[in-house]
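Novice: Turn these sequences into a full structure, and let the hints guide you.
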Amino acid sequence: MIRVLLVDDQPLLRSGFRALLDVEDDIEVVAEAGDGQEGLALAREHLPDIALIDIQMPVMDGIEATRRIAADPALARVHVVILTNYGFDEHVFHALRAGAAGFLVKDIEPEDFLHAMRVAARGDALLAPAITRKLINRYVTEPLHTAADADLNGLTNRERESVALVAQGLSNDQIAERMVISPLTAKTHVNRAMTKLHARDRAQLVVLAYESGLVTPRNR
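For the sequence shown, the UniProt record's numbering gives the first residue as 1, with consecutive numbering after it.
None of these hints come from the bench; they were simulated from the model. In this text the structure is predicted, and so the values were computed from the model without any measurement. From the three backbone atoms N, C-alpha and C, an ideal C-beta is built for every residue, glycine too. A few of these clues could be false.
What the hints assert, rightly or not - Label pairs and their calculated CB-CB ranges:
#, residue 1, residue 2, range
1, GLU90, ASP22, 45 to 55 Å
2, GLY16, ILE181, 36 to 46 Å
3, GLN10, THR156, 21 to 31 Å
4, PRO11, ILE108, 17 to 27 Å
Specialist: So, in structure tokens, the structure goes:
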């Protein structure tokens, strides 16, 4: 059962998302909150698999709520998915850097929304290749900053290669094909790299890959 926490200051939107989720046999809405502070408290109480969080809210916004969830070891298994009205923008960029697993626009089609919940629950990043390219473009215009927690020397050559491919938006199956290994081995390389780099999920791994200098925009 996928357990979901809804955090949005618009009750009508929360009701709409709940209506979609409640009819699914494998998804359960465990709680709702109208601001980030309440959402953070409910995340600690219910330990959901997914916290679906709006960016702009009163009391505490979605970026700060995401940052606090990502920083709390007790919430390490909570995958934050950001909700936005505008697609990829400055707020989403900061939310991904704060530790969000991905983001969804609020006018998403119902079937795509349900698929996204299942993808996020597996720990996969909700980052389409187009979004990854936009992240890369940000690093073309902004100086790279070494990620303090990223011990790149601890990665094997194969792990480094797998991280570079994740940063290009490739799935485990595509990484396996590119590296001529099995999908299970590809997944193992990615998971070990995430552990060594202290990345919560693939989305953060992409950010760390560029911030650390392991991958640069000219590699694309």
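Novice: Indicate, hint by hint, whether the structure satisfies it.
Specialist: Now the hints, each set against the structure:
1. GLU90 with ASP22: 45 to 55 Å: At roughly 33 Å between Cβ atoms, ASP22 and GLU90 fall outside 45 to 55 Å, so the hint is violated.
2. GLY16 with ILE181: 36 to 46 Å: holds, 43 Å
3. GLN10 with THR156: 21 to 31 Å: Because 47 Å falls outside the window, the suggested range is violated.
4. PRO11 with ILE108: 17 to 27 Å: holds, 19 Å
Hints 1, 3, counting from the list given before, are not met by this structure.
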